[in-house]
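Peer 1: Line by line, the protein sequences are chains D and L.
Each residue of the first sequence is one higher than the one before, counting from 2 in our numbering.
Each residue of the second sequence is one higher than the one before, counting from 2 in our numbering.
Simulated from the structure, these hints should not be mistaken for laboratory data.
One thing to keep in mind: the hints can contain errors.
Facing chain L, a subset of chain D residues (Cβ under 8 Å, in silico) [claimed, not checked]: (1) R21; (2) P24; (3) N56; (4) S96; (5) P153.
We treat Cβ as the ideally placed atom computed from N, Cα and C, and that holds for glycine.
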Amino acid sequence: MLKLLRQIAVTGIVSEPPPRPDPTLRVVEQRLANEVLALFGGALAIRHVDAGSCNGCELEIHMLTTPHYNLEGLGIRFVASPRHADMLLVTGPVSRNMETALKRTYDAVPDPKLVVAVGDCGSTGGVFGESYASCGRVANVIPVDVAVPGCPPTPTALMQGILTAIATRSRQS
Amino acid sequence: MHAPPAFDSLGLQPAPLRAALPAWHARAGVERLREIAVGVAAKGGRLAALWGADERDRGEGFALHLALVVDDATLWLAVPLPAGRPDYPDLADVFACANRMQRAAYDLVGIRSGAADQRQWLRHAAWPADVYPLRRDFGLENWYGNDVEQYRFVQVAGEGVHEIPVGPVHAGTIEPGHFRFSVVGEKVLRLEERLGYVHKAVDKLFESRDLVAGSRLAGRISGDSTVAYAWAYAMAVEGLAGVAPPPRALWLRAAALERERVANHLGDLGYLGNDGGLAFGLAQFMRLKEEWLRLNARLFGHRYLMDYVIPGGVERNIGRHGCDEIAAQCAALAREVRVLRDLYDDHAGLQDRFLTCGRLAPETARLLGVVGLAARASGLPLDARVAPGHEPYDRLGVALQTQTAGDVAARVAVRFDEIAESLRLLEAIVEGVPLGEIATPFATVGGRGRGLGRVEGWRGEVVVALESDGGTIRRCHAHDPSWQNWPALEHAVIGNIVPDFPLINKSFNLSYSGQDL
Numbered sequence: 002m003l004k005l006l007r008q009i010a011v012t013g014i015v016s017e018p019p020p021r022p023d024p025t026l027r028v029v030e031q032r033l034a035n036e037v038l039a040l041f042g043g044a045l046a047i048r049h050v051d052a053g054s055c056n057g058c059e060l061e062i063h064m065l066t067t068p069h070y071n072l073e074g075l076g077i078r079f080v081a082s083p084r085h086a087d088m089l090l091v092t093g094p095v096s097r098n099m100e101t102a103l104k105r106t107y108d109a110v111p112d113p114k115l116v117v118a119v120g121d122c123g124s125t126g127g128v129f130g131e132s133y134a135s136c137g138r139v140a141n142v143i144p145v146d147v148a149v150p151g152c153p154p155t156p157t158a159l160m161q162g163i164l165t166a167i168a169t170r171s172r173q174s
Numbered sequence: 002m003h004a005p006p007a008f009d010s011l012g013l014q015p016a017p018l019r020a021a022l023p024a025w026h027a028r029a030g031v032e033r034l035r036e037i038a039v040g041v042a043a044k045g046g047r048l049a050a051l052w053g054a055d056e057r058d059r060g061e062g063f064a065l066h067l068a069l070v071v072d073d074a075t076l077w078l079a080v081p082l083p084a085g086r087p088d089y090p091d092l093a094d095v096f097a098c099a100n101r102m103q104r105a106a107y108d109l110v111g112i113r114s115g116a117a118d119q120r121q122w123l124r125h126a127a128w129p130a131d132v133y134p135l136r137r138d139f140g141l142e143n144w145y146g147n148d149v150e151q152y153r154f155v156q157v158a159g160e161g162v163h164e165i166p167v168g169p170v171h172a173g174t175i176e177p178g179h180f181r182f183s184v185v186g187e188k189v190l191r192l193e194e195r196l197g198y199v200h201k202a203v204d205k206l207f208e209s210r211d212l213v214a215g216s217r218l219a220g221r222i223s224g225d226s227t228v229a230y231a232w233a234y235a236m237a238v239e240g241l242a243g244v245a246p247p248p249r250a251l252w253l254r255a256a257a258l259e260r261e262r263v264a265n266h267l268g269d270l271g272y273l274g275n276d277g278g279l280a281f282g283l284a285q286f287m288r289l290k291e292e293w294l295r296l297n298a299r300l301f302g303h304r305y306l307m308d309y310v311i312p313g314g315v316e317r318n319i320g321r322h323g324c325d326e327i328a329a330q331c332a333a334l335a336r337e338v339r340v341l342r343d344l345y346d347d348h349a350g351l352q353d354r355f356l357t358c359g360r361l362a363p364e365t366a367r368l369l370g371v372v373g374l375a376a377r378a379s380g381l382p383l384d385a386r387v388a389p390g391h392e393p394y395d396r397l398g399v400a401l402q403t404q405t406a407g408d409v410a411a412r413v414a415v416r417f418d419e420i421a422e423s424l425r426l427l428e429a430i431v432e433g434v435p436l437g438e439i440a441t442p443f444a445t446v447g448g449r450g451r452g453l454g455r456v457e458g459w460r461g462e463v464v465v466a467l468e469s470d471g472g473t474i475r476r477c478h479a480h481d482p483s484w485q486n487w488p489a490l491e492h493a494v495i496g497n498i499v500p501d502f503p504l505i506n507k508s509f510n511l512s513y514s515g516q517d518l
């Protein structure tokens with residue numbers, strides 16, 4: 002136990018300051034009222050859905066809750082059920098085999114809600130595009146507020162996308 | 002080059018493939034298929050991959066393809082099947098892992114095995130049962146209505162037995178798949194997996210690409226293994242086109258592959274600690290992983306090394322200064338990991354979760370044809386890096402890290418040992434990397450024929466089989482080690498309690514995307 006505590010003390014705090022919101026990541030104008038977003042901003046609950054990703058984006062989403070990025074330090078946490086979520090963080094081109102599951106997950110999130118599409122695939126369909134097996138970008142299947150490009154987007158870019166989705170008009174300007 | 006003695010008694014005339022690893026190609030009639038499979042199995046060989054192809058535009062029927070590995074030599078066996086009735090005998094009693102591959106080959110190409118299990122695998126409800134996307138007269142853009150699929154899970158009956166359905170959307174940040182548990186109380190009697198949710202037409206997408214562009218797609222079949230896929234793909238293209246990458250490129254590829262292995266093992270060790278109830282472990286290992294990824298970004302241009310390996314070589318050089326940075330980082334990481342390993346080993350609560358949990362007995366692992374890390378944790382000394390002539394590994398000498406217990410603790414121990422071994426290899430690579438070019442120009446490829454790549458990724462061996470009509474890809478099949486290892490997870494879980502499933506699952510950490518294609 003002492004060795005464990007010593008390791009914690011030796012490591013110290015490595016967390017870095019979060020990025021600023023970036024309005025250019027918006028796919029649509031802000032839909033929710035400032036008051037709602039202010040509430041979300043205080044304690045946002047995110048449900049991640051892999052709708053067809055190669056798992057590259059998942060690696061970077063994992064990094065969000067690690068010491069350097071410390072997303073939970075901003076009051077933002079990942080939850081196990083869409084019914085507990087304010088935001089869906091969706092990766093992948095939406096595979097046809099995940100189309101129904103994604104729609105159902107979206108419906109299970111209570112209103113008001115936000116959707117952030119992740120990665121080149123989530124934003125545009127990426128290298129997989131549209132085919133017999135792929136619906137392409139996330140916005141082809143459910144409404145998207147913010148899209149974060151990148152293959153995969155860095156944790157900082159992902160944080161920026163999440164913070165942009167909950168930033169109010171006044172905070173963006 | 003003479004075919005290895007292991008192939009002698011099979012009655013084939015295998016032709017050597019130009020490949021970085023020893024590989025041969027042979028054709029055989031479907032009436033000889035079972036005899037050859039049984040012969041390979043009798044020599045301790047295994048099925049590395051199975052796929053189908055449509056050859057009707059060449060005036061033939063269809064074809065069943067197998068990649069069989071015996072004593073580190075790969076035999077690519079092509080079995081022509083008649084266009085009118087493309088059937089072949091079931092191989093799942095010889096190689097258990099054939100079951101799902103055969104079903105996938107039917108879903109995509111319409112060649113049918115004689116197996117009793119004819120349930121769909123990669124097809125859910127997005128295309129009709131009598132339509133086969135990998136047939137050459139099927140358009141990539143074809144679009145059918147979608148529905149909720151009806152899949153026949155195996156039912157377990159008896160007093161007090163009930164089912165727990167989980168997924169495809171899971172509770173954590175992981176890939177989608179469905180797990181059907183049949184349990185009594187908390188005890189798992191049976192787990193049945195239903196995968197295919199992230200099928201995104203990878204094989205079909207390859208068909209429309211030129212040989213060089215295919216590399217980018219190969220690197221995105223399973224993002225956590227992008228180096229292994231890109232290298233296996235490059236190996237196949239280079240063999241097909243007769244292009245030899247310069248030695249420096251091979252050494253730098255090995256550096257990238259070992260860095261990918263270390264990055265994934267660090268993340269897994271963190272999550273295994275976390276799933277065992279020690280959040281401290283996650284924070285510590287992910288801190289180390291982040292620092293590792295940052296040096297990747299600075300030296301290789303990408304945190305996960307995507308698109309670093311290209312056909313003909315590598316995308317950028319790592320200079321003397323970069324090599325020194327890698328060596329320094331390896332030495333520092335080795336110290337840090339030793340401290341954390343002591344903490345894991347001493348933590349009674351963690352060891353209580355790890356030991357005897359999710360045991361995959363060596364004999365079960367062998368029967369299921371398990372590969373890679375999971376095989377080595379169950380006592381099977383399999384690793385494509387030790388294949389003869391695999392530069393630079395033949396010069397470096399890879400020490401295989403094996404355990405025999407086959408439980409979560411064994412898979413944790415293999416990861417710790419492999420980090421230490423990969424750090425040693427990395428230091429040897431940056432010390433001994435030969436000077437010279439980093440890529441052989443690949444501008445005009447008129448390659449026609451076939452090429453095979455086999456690379457030991459962090460999870461296990463990735464196999465890429467490639468055929469070209471000249472310049473563009475005719476057929477490319479990429480095989481993930483998860484094909485073999487997913488069924489092993491079903492066995493490892495039996496008799497364990499449901500709450501231990503996430504830990505057992507993480508200890509295998511298999512790819513959904515790589516298997517779903």
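Peer 1: All hints, please: hold or fail.
Peer 2: The hints, checked one at a time:
1. At a threshold of 8 Å, the smallest CB-CB gap from R21(D) to chain L is about 21 Å, leaving the interface hint violated.
2. Residue-level restraint check for P24(D) is violated (minimum Cβ-Cβ distance to chain L is 26 Å; threshold 8 Å).
3. Interface restraint check: N56(D) against chain L, minimum CB-CB distance 5 Å, threshold 8 Å, status holds.
4. Annotation: S96(D) was flagged as interfacial toward chain L, and the flag holds, the nearest CB pair being 5 Å apart, inside 8 Å.
5. Because the beta carbon of P153(D) sits about 7 Å from the nearest beta carbon in chain L, less than 8 Å, this interface hint is met.
The structure fails to meet hints 1 and 2 from the earlier list, while all remaining hints are met.
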